[in-house]
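Novice: Chain by chain, the residues:
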Amino acid sequence: MPDPETERRGDAALIRAIAAGERSAFEALVLRHGASIRRLARAMTTDDATADDVLQEVFVSAWRAAGTFRGDGSARGWLLTMTRHAAQRTHRRRVGEPGRAESLESLACDAGWGAAPDAPLDRVLADRQRLAAALDALQPDDREILVLVELEGLDIDEAAQTLGLKLNATKSRLHRARLRMVAAARKEPA
Amino acid sequence: MNGERRVGGLWCHEVLEHLSDYLDGAAGEAVQKQIETHLAQCTTCSRFGDEVAAVIGAIRTRLGEADPLPSELLRRVARAPGEG
Numbered sequence: 001m002p003d004p005e006t007e008r009r010g011d012a013a014l015i016r017a018i019a020a021g022e023r024s025a026f027e028a029l030v031l032r033h034g035a036s037i038r039r040l041a042r043a044m045t046t047d048d049a050t051a052d053d054v055l056q057e058v059f060v061s062a063w064r065a066a067g068t069f070r071g072d073g074s075a076r077g078w079l080l081t082m083t084r085h086a087a088q089r090t091h092r093r094r095v096g097e098p099g100r101a102e103s104l105e106s107l108a109c110d111a112g113w114g115a116a117p118d119a120p121l122d123r124v125l126a127d128r129q130r131l132a133a134a135l136d137a138l139q140p141d142d143r144e145i146l147v148l149v150e151l152e153g154l155d156i157d158e159a160a161q162t163l164g165l166k167l168n169a170t171k172s173r174l175h176r177a178r179l180r181m182v183a184a185a186r187k188e189p190a
Numbered sequence: 191m192n193g194e195r196r197v198g199g200l201w202c203h204e205v206l207e208h209l210s211d212y213l214d215g216a217a218g219e220a221v222q223k224q225i226e227t228h229l230a231q232c233t234t235c236s237r238f239g240d241e242v243a244a245v246i247g248a249i250r251t252r253l254g255e256a257d258p259l260p261s262e263l264l265r266r267v268a269r270a271p272g273e274g
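Residue numbers (the numbering used here), protein chains in the order written: chain R, 1 to 190; chain H, 191 to 274.
Don't read these hints as lab results, they were simulated from the structure. All values derive from a computational prediction rather than experimental measurement. Even glycine gets a Cβ: it sits at the ideal position worked out from N, Cα and C. Please note: incorrect hints may appear among the correct ones.
[As the list claims (entries may be wrong)] Derived pair list, reagent style BS3-like, types lysine-lysine, alpha-carbon separation capped at 30 Å:
id : chain 1 : residue 1 : chain 2 : residue 2
1  : R       : 171       : H       : 223
2  : R       : 166       : H       : 223
3  : R       : 171       : R       : 187
[Said to hold, decoys possible] Chain H regions said to be covered by chain R (calculated; three or more residues, Cβ under 8 Å):
id : stretch
4  : 195-201
5  : 204-211
6  : 216-222
7  : 231-245
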């Protein structure tokens with residue numbers, strides 16, 4: 001594993017060192033970002049083994065492409081974008097799969113909008129496992145944007161760039177994913 | 191939604207439309223104020239807004255930290271390409 005001095009270097013410095021073939025810099029990059037990359041890969045795929053393959057592919061690509069990293073965006077964004085592409089290649093969406101066109105109001109009703117107060121969500125929200133199960137029950141598109149924005153902390157512009165979407169489309173996807181997450185949490189046993 | 195109301199210059203469905211932006215503080219000053227006024231007087235929207243905010247907050251706090259890579263996987267991935 002990398003020495004403390006290597007671990008202290010910023011992402012851009014690590015990537016420059018990787019481009020020069022420095023192996024400890026590569027290890028430091030994996031150590032720093034591997035868990036996030038695996039989480040996004042897992043959100044976009046169906047099983048741990050596929051996510052692990054995506055993780056490996058991303059870092060192989062990072063090793064090979066380090067010399068092309070321009071540093072005008074964040075290294076994390078660079079890695080997350082590579083993760084999306086690798087996950088899409090590995091786990092292609094079914095061709096002809098119909099898009100989901102529920103109205104916003106219909107999604108909101110599923111999430112409890114306008115309904116009489118029933119069991120509060122407090123117990124589900126306090127339970128990491130049940131919350132994770134609710135997230136896992138969502139479709140990959142919804143999991144993906146929730147991981148990027150809520151868990152990785154990307155702002156909406158960075159998320160749009162990573163997803164290759166326009167800003168309004170990204171906002172709309174996030175809003176819908178949040179509503180579906182509320183609905184999924186509601187379906188978890190209280 | 192049954193019982194939809196117009197409060198603070200916005201209908202409930204308009205509050206719903208802007209709810210994520212509002213919670214992110216990104217709805218724009220005028221709309222933020224209109225939604226605040228609506229929520230102060232519409233318990234249905236207020237309760238729903240609180241729930242959405244609570245779910246977002248719970249995702250961030252309970253699931254924020256990614257599980258560390260299992261050590262064997264970390265070793266496999268961290269082995270630089272080209273190494274045996």
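Novice: For each hint, tell me whether it holds in the structure or not.
Specialist: Structure-based check of each hint:
At roughly 20 Å between alpha-carbon atoms, residue 171(R) and residue 223(H) fall within 30 Å of each other, so this suggested pair holds. Our distance criterion of 30 Å between C-alpha atoms is met by residue 166(R) and residue 223(H), whose separation comes to about 26 Å. With a CA separation close to 25 Å, the supplied pair residue 171(R) and residue 187(R) stays within the 30 Å bound. Counting residues of the stretch 195-201 of chain H whose beta-carbon sits less than 8 Å from any beta-carbon of chain R gives 0, not enough to reach three: the coverage restraint is violated.
Residues of the stretch 204-211 of chain H lying with their CB closer than 8 Å to a CB of chain R number 5, which satisfies the three-residue condition for coverage. Counting residues of the stretch 216-222 of chain H whose C-beta lies closer than 8 Å to any C-beta of chain R gives 1; at least three are required, and the coverage claim is violated. Check on the stretch 231-245 of chain H: 7 of its residues sit with their Cβ under 8 Å from a Cβ of chain R, so the three-residue criterion for coverage holds.
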